[in-house]
Amino acid sequence: MRWYIAKRLAMLVPVMLGVSIIAFSLIHLAPGDPARTMLGERATQEQLNEIREKYGLDKPIYVQYGVWLNNILHGDLGRSITTHEDVAKEIGERFPNTMELTIAAMIFAIIVGVFAGIISATKQYSITDYTFMGIALFGISMPVFWLGIMLMMIFGVVLGWLPIGGRIDLLIPFQRVTGFMVVDSIITGNFPALISVLRHLILPAVALGTIPMAMIARVSRSSMLEVLRQDFIRTERAKGLSERIVIYKHAVRSAMVPVVTVIGLNFGLLLAGAILTETVFSWPGIGRLVVNAVYARDYPLVVGCILVFAIAFVIVNLVTDILYTRIDPRIQYE
Amino acid sequence: MNKGKVGLLAIGLCVIMVGASFSGCVEGPVEAEEMVLIFGSSGDAKRLDPADVTDGESIQRMDNMFEGLVEYEPDSTEIKPCLATSWDTSEDGLNITFNLRHDVKFHDGTDFDADAVVFSFARQYDTTHAYHDYGEWAYWGYMFGDVDRMEKINDYAVKLVLKRTNAAIMTSLAMFTVCIVSPTNAEQWGEDAFKHPVGTGPFKFVEWVKDDHITLEANNDYWRETPKLDKLIFRVIEDPSARLMALQTKEIQGMEYPDPSSFDAIEADSDLKLLTQPGMNVGYLAINCGYGYNDTNENGAHDSDEPWVKTPAYSEPLANKKVRQAISHAIDKDSIVDNLYKGTAIVAKNGMPPFMLGYNDDIEDYSYDPAEATKLLTEAGYPNGFTSTLWVMPVSRPYMFDPSKIGEAIQGYLEAVDITVEIYQVDWSTYLEKTEAGEHPMCLLGWSGDNGDPDNFMNVLYGENACSIGTAGNVAFYNNSRVQELLSDALQTYDNTERANYYEEAQEILHESASHVYLAHANQNIVFTSNVHGYVLHPTSRKFFYPVTIE
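The listed protein sequences derive, respectively, from chains W and L.
Under our numbering, think of the first position of the first sequence as 1, with each following residue one higher.
Under our numbering, think of the first position of the second sequence as 1001, with each following residue one higher.
Note that these hints are calculated values from the structure, not bench results.
A few of these clues could be false.
Distance condition first, Cα-Cα at most 16 angstroms in a straight line; then the derived EDC-like pairs of lysine to aspartate or glutamate [claimed, not checked]:
hint, chain 1, residue 1, chain 2, residue 2
1, L, K1105, L, E1091
2, L, K1195, W, D86
3, L, K1349, L, D1334
4, L, K1349, L, D1192
5, L, K1210, W, E85
6, L, K1163, L, D1146
7, W, K89, L, E1422
8, W, K54, L, D1334
9, L, K1434, W, D86
10, L, K1434, W, D33
11, W, K89, L, D1192
So that you can see chain W by itself, here it is in the shape it has in the complex (with noise of 0.2 angstroms):
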């Protein structure tokens, strides 16, 4: 198990190489130049020039990617075009911001996704079922960006219950440690801080999760209809356990293998696909970063997140694999 951790570790050395390359050549094809982008309509060809100069960009590409990859081995990921800021650390503020949207998302997919599946799956073609799976299809079809602004306009402007966006209170006082702003306000005991933050991860964290949780509905409901068929749960009916038994601790549990996969798969996406999510939210992550930076043909804070996201889907896949393991005794790695 160990080795074949290491083993699929070490593969991301080539993945991110692989990943790198096609970032920085497609960036490149894209049409636009960050000099014009910066100076607008102001443009003098001295400015233009100086510019190019400074950030390598009048180097052919094949150079400019020597140029960065031995940078990168410095452990060096450049400075931005646009704001001069090291390229690590303006993802790095931003990172915490995205996972704990993540994991919240999640969080709520799960919770919400698993058990309407199982619901749905023990009263097949009832009322609930149907109600269950509805709603199901209606959030894989809901655009994020409207479910986002339609969540505000109840929850914040006519209830009043839950902020319309941002991170805290800005008038609380805060205090920033690891940057998860969660983890922060618990371990310098600071309530109001915790209370505020988490009302304001509340609403993002539910128009973020409703694709994800609706995914993780039908999958569940599926594989449990499945399971329920099966020989073993009849046999285990037939010994007179409980119907709670069968169904939460055996049929469950056979469930899960192909309910873990969709949730892995869907938190590598959703740290991706946070983008419109933070943009309606005004969340500071890291899909906001990734767009602007996009706008200005920010080159090297592009690659830089691209290659976050990279990592980040690679691990996520990792530990989905290895979670397996735990549910499904039979499956082994070797």
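Fit chain L to the given chain W structure using the hints.
This is chain L only, laid out in the frame that chain W set:
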């Protein structure tokens, strides 16, 4: 951790979150006495060095922390003393001596003096300066090319030396680019000084959480009266509808760039107030008149050894003045302003906004008259019209909110007089590059003013010096030596009445040439909750929160 515990933890978290959602009463201002204004901005600042930015968002933050030698009057682009108490201009107009204010301190405690002024200027123009490489100084090259150097005379007097006379220099000195920064702070942070802004202004920097907010607090040692606001926070809310919702729920007390479609709702809401006034900008349709020059010596001016050559997109019909006048008659600007600017703009008839020095109000605009347009086309030899291409910007700009729709409207108006235009769109940086090279037959573009001086519109956009292929500001490529003469003379003239005359004459020639169809001057709009008082819109759209108070 076994499954039971995980489940418990998950349920616990849910309970906290749901509980938290109903416990709004726990929250609230910790010190209710503090007067805090949270302003909803449409984007984050890029850097916090006033000399090294060009974007409105960065400038908005810095205008409240930094000051220059001179500043604008609160509601006009007239100049008044700020960190300089008085100044004298030499006979030849090449030397301006400034007397500096005593007893001013930077936020870091450093004394404000002549050294700080020289430092703030020299780092931009002196390529051997130790701090020159830390910035791009984009505006210096653009606005201060006529400055030779800044010299220290004594601790509280400095001399600005110009290469040639420039009547716009005093208004330019009120720009953020030449705000005075603390030299000791620059020394302390070096390359990273842009993250630690230290000026002399009414507010001082507290913290910057990227993409989230920038907090400033009142400067209690300010040389004028201490600001009334204790804190000024700029919060980033990119989506305009989310920004308005945050204002409606009082999470913020003010916001910029409201969506024009929400104006009715804002005006109907007694808790909100909309401030609006004509902005310092112009949006236009530029028609390629056909001739530019290659600026081989890169001096930004047309010289006798640089011949006029046809632009890449030269076209016979558009080079004809009558055709251009026909196009001017064919477009219904009133309808464009009412429907596509949603009424938050005024119709333009000249290439600069009406409140500026030298604006020629006697000019009678081309009326919307398709019949006249057809007549002119026939006279020009195009009775059956012709085909052409209209370039349309891919992005919304302060002078044109919705270029795509405006492009389509113009296409429709021209079709009505038998001019068939195809719409062409390309990404923004390519768009700028190619229009500056004259590769468009017609294009939409515009300008937002920098310093409030007419030279910053007229010379940049309409002179023949600006017809250089590849770096043109005059994307209509209308080369008229008389216009350039008038504009150059105006820049050499310190007398305002005489200056105004030059500009007025230039506008007459430009109007007659119909090189541009000036569409609109877009308003600047800002919304506050109704308990916010004292905010004054500035013609430059810069945002000064010093006088603001909350009831």
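Hint by hint, here is what the structure shows:
1. Taking the CA atoms of K1105 of chain L and E1091 of chain L, the gap is near 33 angstroms; set against the 16 angstroms cutoff, the hint is violated.
2. Restraint check for K1195 of chain L and D86 of chain W: the C-alpha separation of about 12 angstroms stays at or below 16 angstroms, so the hint holds.
3. Straight-line distance between C-alpha atoms of K1349 of chain L and D1334 of chain L comes to about 11 angstroms, which keeps the hinted pair within the 16 angstroms bound.
4. Distance check on the hinted pair: K1349 of chain L and D1192 of chain L sit about 46 angstroms apart at the alpha-carbon level, beyond 16 angstroms; violated.
5. Distance check on the hinted pair: K1210 of chain L and E85 of chain W sit about 11 angstroms apart at the alpha-carbon level, within 16 angstroms; holds.
6. Under the criterion of a C-alpha separation no larger than 16 angstroms, the hint pairing K1163 of chain L with D1146 of chain L is consistent with the structure, at around 5 angstroms.
7. Pair hint K89 of chain W plus E1422 of chain L does not hold up; C-alpha atoms about 46 angstroms apart against a cutoff of 16 angstroms.
8. Distance hint between K54 of chain W and D1334 of chain L is unfulfilled; the C-alpha atoms sit about 46 angstroms from each other, more than 16 angstroms.
9. A threshold of 16 angstroms between alpha carbons decides the hint, and for K1434 of chain L with D86 of chain W the separation of about 32 angstroms lies outside it, so the pair is violated.
10. At roughly 12 angstroms between alpha-carbon atoms, K1434 of chain L and D33 of chain W fall within 16 angstroms of each other, so this suggested pair holds.
11. Annotation: proposed proximity of K89 of chain W to D1192 of chain L holds, straight-line Cα distance about 13 angstroms (limit 16 angstroms).
In this structure, the earlier hints numbered 1, 4, 7, 8 and 9 are contradicted, and the remaining ones agree with it.
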